[in-house]
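K.L.:
Whole structure, please, built from the sequences with the hints as guidance.
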Amino acid sequence: GNSVTQMEGPVTLSEEAFLTINCTYTATGYPSLFWYVQYPGEGLQLLLKATKADDKGSNKGFEATYRKETTSFHLEKGSVQVSDSAVYFCALIRGAGNMLTFGGGTRLMVKP
Amino acid sequence: GAGVSQSPRYKVAKRGQDVALRCDPISGHVSLFWYQQALGQGPEFLTYFQNEAQLDKSGLPSDRFFAERPEGSVSTLKIQRTQQEDSAVYLCASRKDRAATNEKLFFGSGTQLSVL
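Chain order of the listed sequences is A and B. Just so you know, my numbering puts 74 at position 74 of the first sequence, and the rest follows in order with no gaps. Just so you know, my numbering puts 31 at position 31 of the second sequence, and the rest follows in order with no gaps.
There may be inaccurate statements among the hints.
Unchecked claim - Listed next, the in silico BS3-like pairs over lysine-lysine satisfying Cα-Cα at most 25 Å (straight line):
no., chain 1, residue 1, chain 2, residue 2
1, B, K104, B, K57
2, A, K56, B, K104
3, B, K104, A, K77
4, A, K52, B, K104
Unchecked claim - Some, not all, of what chain A presents toward chain B, calculated at C-beta under 10 Å:
no., residue
5, A17
6, F18
7, F34
8, G41
9, L46
10, F62
11, F89
12, N98
Claimed, not checked - Ranges of calculated distance between the beta carbons of each label pair, as one might list FRET restraints:
no., chain 1, residue 1, chain 2, residue 2, range
13, B, S114, A, T28, 36 to 42 Å
14, B, S87, A, K52, 38 to 44 Å
15, A, P40, B, S27, 25 to 31 Å
16, A, V82, B, S5, 42 to 48 Å
17, B, K78, A, Y30, 32 to 38 Å
By construction, these hints were calculated from the structure, which means they are not laboratory data. Each residue gets a CB set at the ideal place from its N, CA and C atoms; glycine is no exception.
P.N.:
Right, here's the structure in full:
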């Protein structure tokens, strides 16, 4: 079946540090890949997506590249801010499926 | 409304009680999903509606869980004879159209259920 594995948190960084959150997936076929973010007290929000191999999704300074050869979709940001503190979820939808499959989430804490 | 609304925000139940969780999706959204998010985990799929039709209920953990969307808008997730392992945040999400690759899935803030 489909599955998503993320690095465990919490990840604690100082402001302006470089961020990487690792995500790998297992799926047959060619899934679409997503990063969702959950700020404290708020619902999950789509951060970025990629629908095919070598696509790069980007939003708010975050980037992730769909790597089929390594089945990965790592999230990166060059300079994090305190306001980026949240829980980040990697997820996939495969083909015509309707269901998002999420990873376990990674909590990011950015200190001033 | 402007977003997906869920109520109540918090629910405390004694073991064995029945609970009902409500979801008001974005007006006009065809697709509606329920997810269960245990503490420190990612959301797990429970069930999916397209309008009033429940097309997938493969994620419901037991026959104590029941969901409905009788008029194709508001949905209710009912849990009968609650158990401690049902304690989790229950998330509702809606999507505008039927297209499975449309990623615009809007989530509510969830209902946090605690079973004592």
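K.L.:
For every hint, state whether the structure bears it out.
P.N.:
Hint by hint, here is what the structure shows:
{"no.": "1", "hint": "K104(B) to K57(B)", "in the structure": "holds (21 Å)"}
{"no.": "2", "hint": "K56(A) to K104(B)", "in the structure": "holds (18 Å)"}
{"no.": "3", "hint": "K104(B) to K77(A)", "in the structure": "holds (23 Å)"}
{"no.": "4", "hint": "K52(A) to K104(B)", "in the structure": "holds (17 Å)"}
{"no.": "5", "hint": "A17", "in the structure": "violated (24 Å)"}
{"no.": "6", "hint": "F18", "in the structure": "violated (24 Å)"}
{"no.": "7", "hint": "F34", "in the structure": "holds (6 Å)"}
{"no.": "8", "hint": "G41", "in the structure": "holds (7 Å)"}
{"no.": "9", "hint": "L46", "in the structure": "holds (6 Å)"}
{"no.": "10", "hint": "F62", "in the structure": "violated (15 Å)"}
{"no.": "11", "hint": "F89", "in the structure": "holds (6 Å)"}
{"no.": "12", "hint": "N98", "in the structure": "holds (5 Å)"}
{"no.": "13", "hint": "S114(B) to T28(A): 36 to 42 Å", "in the structure": "holds (38 Å)"}
{"no.": "14", "hint": "S87(B) to K52(A): 38 to 44 Å", "in the structure": "holds (39 Å)"}
{"no.": "15", "hint": "P40(A) to S27(B): 25 to 31 Å", "in the structure": "holds (27 Å)"}
{"no.": "16", "hint": "V82(A) to S5(B): 42 to 48 Å", "in the structure": "violated (29 Å)"}
{"no.": "17", "hint": "K78(B) to Y30(A): 32 to 38 Å", "in the structure": "holds (37 Å)"}
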